[in-house]
Amino acid sequence: MASKVFPGEFSSLEKISDFIEKHAQICGLDENATYAVRLAVDEACSNIIEHAYGGEGLGNIECTCNVLEDGLEVVLRDKGKSFNPDDIQEIEVGIPLEKLGNRGAGIFLINKLMDEVHFEFSKQEGTTLVLKKKK
Amino acid sequence: MAIETTEYKRCSLVKMDGRIDSNTGDSLMDAFNAVQENGIFKLVFDMTDVDFMSSKGWWVLIQTQKACKRYNRGEIVLANVPKKILDSLDLVGMNHYFKIFDDVVSAVGYF
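First to last, the sequence lines map onto chains E and U. The first sequence maps to residues 1 to 135 in the working numbering. The second sequence maps to residues 1001 to 1111 in the working numbering.
Please keep in mind that the hints were generated in silico from the structure rather than gathered at the bench. By construction, the Cβ of each residue, glycine as well, lies at the ideal position given by its N, Cα and C atoms. Accuracy of the hints is not assured; some may be wrong.
With a straight-line Cα cutoff of 30 Å, these simulated DSS-like cross-link-like pairs (lysine-lysine) come out [said to hold, decoys possible]:
id	chain 1	residue 1	chain 2	residue 2
1	U	K1099	E	K22
2	U	K1015	E	K112
3	E	K15	U	K1015
4	U	K1083	E	K135
5	U	K1083	E	K132
6	U	K1099	E	K4
7	U	K1042	E	K15
8	U	K1066	E	K123
9	E	K99	U	K1084
10	E	K4	U	K1066
11	E	K22	U	K1083
12	U	K1066	E	K99
13	E	K99	E	K135
14	E	K99	U	K1099
Where chain U lies over chain E, by a calculated footprint (3+ residues, C-beta under 8 Å) [to be verified]:
id	stretch
15	10-23
16	45-58
17	115-123
So that you can see chain E by itself, here it is in the shape it has in the complex (with noise of 0.2 Å):
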């Protein structure tokens, strides 16, 4: 297990990355699953930043990556802002490009690109998110 808190600032997505391609490579994933996990990790990541904390520098986010048999778990914890995973829509795919909106994406992105997503929210503990990618 490794873990790391990061400030919750757009500037630290590149070292989050980082850290998760260190720990993807470490269990064995190839090319294609790290790209996935980073991305997913990014969206979160963003997610957590943008919503949770509403804007940047206004927390940190810990992130732990656990090494396992069959792939790598990543789990971030924040203590923003909680919300209704249920409540996400999802995108539209296939509708006129002047239909399309500006922005979102990202829960549904990490949806697709993780075997295992589950949120918990505790008022004292605040949002832990567990990803979960198979080799």
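Based on the hints, put chain U in the right spot on chain E.
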């Protein structure tokens, strides 16, 4: 991260390297906006040296495509999209909104 813009007779070529994420996406948007402010709406985005693109990048491209296609004045096309980025675009159906070329010469030649 570096962003370069080159003007050709019929279009402009924008090239960026490194990551496109929530930290760098606004700089790319600024580069596309600067080209459009010069009245150029036919754009090629060379992604040869982009090694990571989050959904922030897709939305920058979508916003730019909307602006370029308005009044049928042009469009943005993509060149040399790395496979892992293309796969993620495919996953959410974003690739349908762009013409994608295997090389910059073909993309510039399209205009």
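**OP:** Please write out, lowest number first, the hints stated earlier that are contradicted by the structure.
**Re:** Numbers 1, 6, 7, 8, 10, 13 and 17 - these are the hints that the structure violates, sorted from lowest upward.
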